[in-house]
Amino acid sequence: MLSRDHFRQAVHATPFHPRTAAANQLNAWHRWRDHTVADAYFDVGMEYNAIRNACAVFDLSPMSKHRISGPDALGFLNRLLTRDAARILPGRVGYCVWCDDAGQVIDDGTLFHLGENLYRLCSQERQLDWLLRSALGFDVQIHEETDAVAALAVQGPTSCAVLRQLGLPGIENLPPFGIRSYPFGSTALMVSRTGFTGDLGYELWVEPDRALLLWDRLFEAGRDHGIRAIGTLALEMSRIEAGFIQAGVDFLPADRAVRTDRTRSPFELDLGWLVDFSKPNFTGRRALIEEQRRGSRYRLVRLDVDGNKPAKDAFIYDSRRRNVGVVTSSLWSPAAKASIALATVEAPWGRPADELYAEIYYQKELRWSRVMARCRVVTGAFYDPARRRQTPAPDR
Amino acid sequence: MTEHWPVIVVGAGHNGLACAALLARAGRKVLVLEAAAQPGGAAVTRELAPGYRVSAVAHLLHLLDPALASELALSRYGLRLAASGLHTVALSGTAPPIVIDGAEIRRGEVSVADRAAFAALMPRLARFARLIARQHGRVPPRLAFGSWREALPALSLALDVRRLGQQDMREFLRIATMNVFDVLEEHLASPLLKGALALDGVLGTRLGPRSGNTVYAMLYRQSGCLGGLQGALGIPLGGMGAVTEALSAAACAAGVEIRCNAAVRSILVAEGRVAGVQLESGETIEAQTLVSNADPQATLLRLLGARHLEAGFAQRVHHIRAVGTAAKLHLALGALPQFAGVTAAELGQRLVIAPDLGYIERAFNPVKYRGFSQEPILEITIPTVHDTTLAPAGRHVLSAIVQYAPYDLAGGWGQGRQPLMNAIMAVLERHAPGLGNLVEHAELLTPADIESQFRITGGHWHHGELTLDQIMMLRPVPGAAQYLTPVPGLYLCSAGCHPGGGVMGSAGRNAARVVLGQG
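From first to last, the protein sequence lines stand for chains A and B. First residue of the first sequence: 2, per the working numbering; consecutive thereafter. First residue of the second sequence: 8, per the working numbering; consecutive thereafter.
Hints listed in this document are in silico derivations from the structure and should not be mistaken for laboratory results. It should be emphasised that the depicted structure is a prediction, and the values quoted were computed from it without experimental measurement. Possibly wrong hints are sitting among the right ones.
Here are some, though not all, of the chain B residues that point toward chain A, as calculated from beta-carbon distances under 10 Å [unchecked claim]:
hint, residue
1, Gly-279
2, Arg-280
3, Leu-316
Beta carbons are placed, not taken as given, at the ideal position from N, Cα and C, and that holds for glycine.
Just need the whole structure built from these sequences, with the hints factored in.
Dropping the structure here:
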């Protein structure tokens with residue numbers, strides 16, 4: 002329930018704010034929807050190293066969370082999502098996208114199957130409006146519960162060890178995309194083996210008034226395991242290495258687009274594997290079948306770029322110097338030891354053998370230079386440690 | 008074993024019957040399923056009281072598709088007019104009535120200037136109405152076209168507008184979106200004359216004279232061509248049911264099977280396409296092709312279900328504006344009533360009570376707040392003047408369209424029915440003193456009654472407002488405006504599609520062409 006004068010404060014602190022503020026030596030913050038989160042706490046490089054070499058803790062409470070329940074919950078989700086929600090069993094999480102009627106992606110997210118006819122859909126953008134509009138004709142209840150659940154991502158090779166130290170027995174046996182609940186004082190702590198880093202990792206979900214207790218116990222448990230709070234900048238590095246896309250960065254949510262050619266279909270985002278045409282109906286199905294017939298307009302590619310200059314916002318050219326696309330995310334990857342990028346290119350470019358170039362502008366001591374760097378299309382993640390999938394999860 | 012039909016038409020209204028008959032003539036085996044005990048939908052003649060019969064909803068025939076009537080030879084199947092080319096008798100209550108015959112004023116206190124302006128205005132409106140009429144028989148163009156061939160219908164519409172000539176085209180484009188109040192104020196002075204003309208712009212709509220789109224509604228009402236006469240009004244012999252009886256007979260002669268008392272509960276879908284229907288009785292009938300004469304919202308959201316549609320499309324259907332504001336009054340009268348200043352010969356004409364623009368606007372006001380008009384506007388016919396088969400000898404029935412009566416009256420129609428009845432009778436009594444004493448039986452159909460008795464969502468007898476946002480390629484909604492829905496095998500043929508409501512049959516005829524692949 003909102004308080005009467007809620008409008009006086011437009012952007013809010015998360016339930017972890019007393020701890021994240023105390024830890025934030027840089028006092029560096031930015032806005033995620035209606036909350037402030039840390040850019041970085043002390044040093045982005047060290048925070049990144051916590052993700053890949055120790056245990057990183059990220060406050061993801063602002064993530065939009067929607068509770069979907071009722072007898073038609075599965076039917077509703079199957080009409081909403083492009084994939085078959087029936088295959089996401091109770092106690093499991095599934096990555097998914099949803100589209101408008103034109104088959105253009107509105108957002109991506111994770112669907113948590115919490116119990117019988119009970120789901121939680123998490124997304125970066127607020128989706129309540131689209132979910133409610135999609136609910137016409139279905140016996141479902143949809144509530145946004147963003148502020149009712151506090152969440153931390155605990156990611157990195159020692160994350161499992163930290164959670165065991167926290168007192169979560171058997172956590173090492175939780176498989177990727179599994180969910181398990183543990184008693185936490187008088188309430189419950191839900192743990193899912195999910196994350197946005199492409200590494201071994203978990204997400205912890207708790208009632209907001211337990212947030213500080215969780216934070217304190219977690220950092221106590223992780224003291225000998227290199228635990229460190231991380232901000233969005235370090236997380237961003239790891240998600241690019243994992244090859245994950247982000248709404249508003251790598252694609253424009255369809256409901257925000259004014260120009261029709263700025264949106265992308267799941268096929269154009271390399272998410273064709275999430276589209277299940279064996280379902281007789283879902284929003285976007287007809288348009289996507291038509292796209293399969295006519296061919297996609299764009300392709301999202303993962304590029305290994307020659308040299309060591311990050312290809313920030315670079316145009317992509319073919320061998321005849323024709324502009325065929327643009328980089329949407331880029332990074333010098335410490336884990337892959339390569340300059341890597343996510344780019345959107347016009348079809349048919351982006352095939353593995355295509356000769357592509359990134360036009361990179363960079364400066365050294367205020368002098369700008371330009372380089373045309375050869376790019377190679379790679380498949381899958383740029384960095385993909387085995388521990389990400391191992392069950393039981395390793396200790397380090 | 009489950010019954011199987013190549014084509015099922017849901018609903019035996021005039022459009023459903025027209026579509027079924029044309030499909031059968033093209034060699035399709037067609038089953039028509041009708042919820043009521045007899046075919047006809049809302050275009051039926053019903054018994055009002057023992058010995059008295061009356062057109063249940065629409066009571067004037069003017070839009071009937073001439074091409075359909077001749078293709079199906081409806082006159083051979085018994086369709087006759089008891090009267091046609093009806094005049095409009097505009098009742099003032101104080102001054103003598105004005106009698107209008109097309110572009111001519113037959114009598115009444117109208118100035119020389121008004122007569123001249125009227126004589127100039129009406130032919131021009133008739134030319135505009137003919138432009139609209141030319142679109143009736145066409146499948147609307149698609150908004151997004153990928154080829155020149157798909158763009159042709161849109162171009163031919165543009166060409167029709169251009170062919171009006173420069174002056175008429177400018178004037179048409181200027182007034183098409185305007186309100187009838189402003190346009191009539193430009194041309195005429197007589198309040199009574201303006202009231203009578205404005206009535207055509209608001210009848211059957213949720214609009215007042217100052218609402219946009221009322222000029223279009225007025226032109227639409229004049230777009231018929233009954234007996235070759237632009238905008239002519241007629242009364243079928245035997246009431247409106249005669250139209251659907253002739254259509255039924257033509258359909259049956261073509262081999263259509265019409266099954267009554269067979270209400271459809273749901274449209275069945277398998278593998279993403281239409282599979283058949285389930286009846287209220289639980290019986291299942293399979294079909295390859297299903298053509299629905301039910302209104303678009305009933306078809307797509309109630310019988311089919313939004314779950315079989317994509318979310319954006321379902322929302323568009325959900326937002327079709329189709330909330331009825333017209334009620335229907337039927338009176339069984341012991342004798343012919345006397346309307347002040349109206350001759351006996353004029354009693355068989357169309358009598359309208361809309362004495363000035365302000366009166367109509369005031370009548371419209373309460374409906375915005377879910378109230379009914381304390382002084383409603385009325386369009387009255389006494390069909391028994393022309394057709395003695397409808398009542399015992401020497402007795403009569405009076406049929407009136409009454410506005411405005413909201414579908415969702417505040418407080419409900421249980422308590423609201425008698426007060427509305429009293430309000431109507433008070434207006435009638437003022438114009439026809441002593442009429443109340445002649446009433447032997449009375450029936451008042453509110454929009455809620457029309458919904459429940461004829462299964463029309465919102466009780467809107469056009470199956471959706473006829474405004475520019477809901478006509479042609481926007482009717483009922485983009486994505487279903489060419490009679491084919493997103494669900495393969497499911498077609499629409501009701502008044503909720505282009506060209507719209509009125510006892511017309513063009514939607515059924517156009518839909519049949521699309522089903523046959525000739526659209």
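Going through the hints against the structure:
no., hint, result
1, Gly-279, "holds (4 Å)"
2, Arg-280, "holds (8 Å)"
3, Leu-316, "holds (7 Å)"
Checked against the numbered hints listed earlier, the structure breaks none of them; every hint is satisfied.
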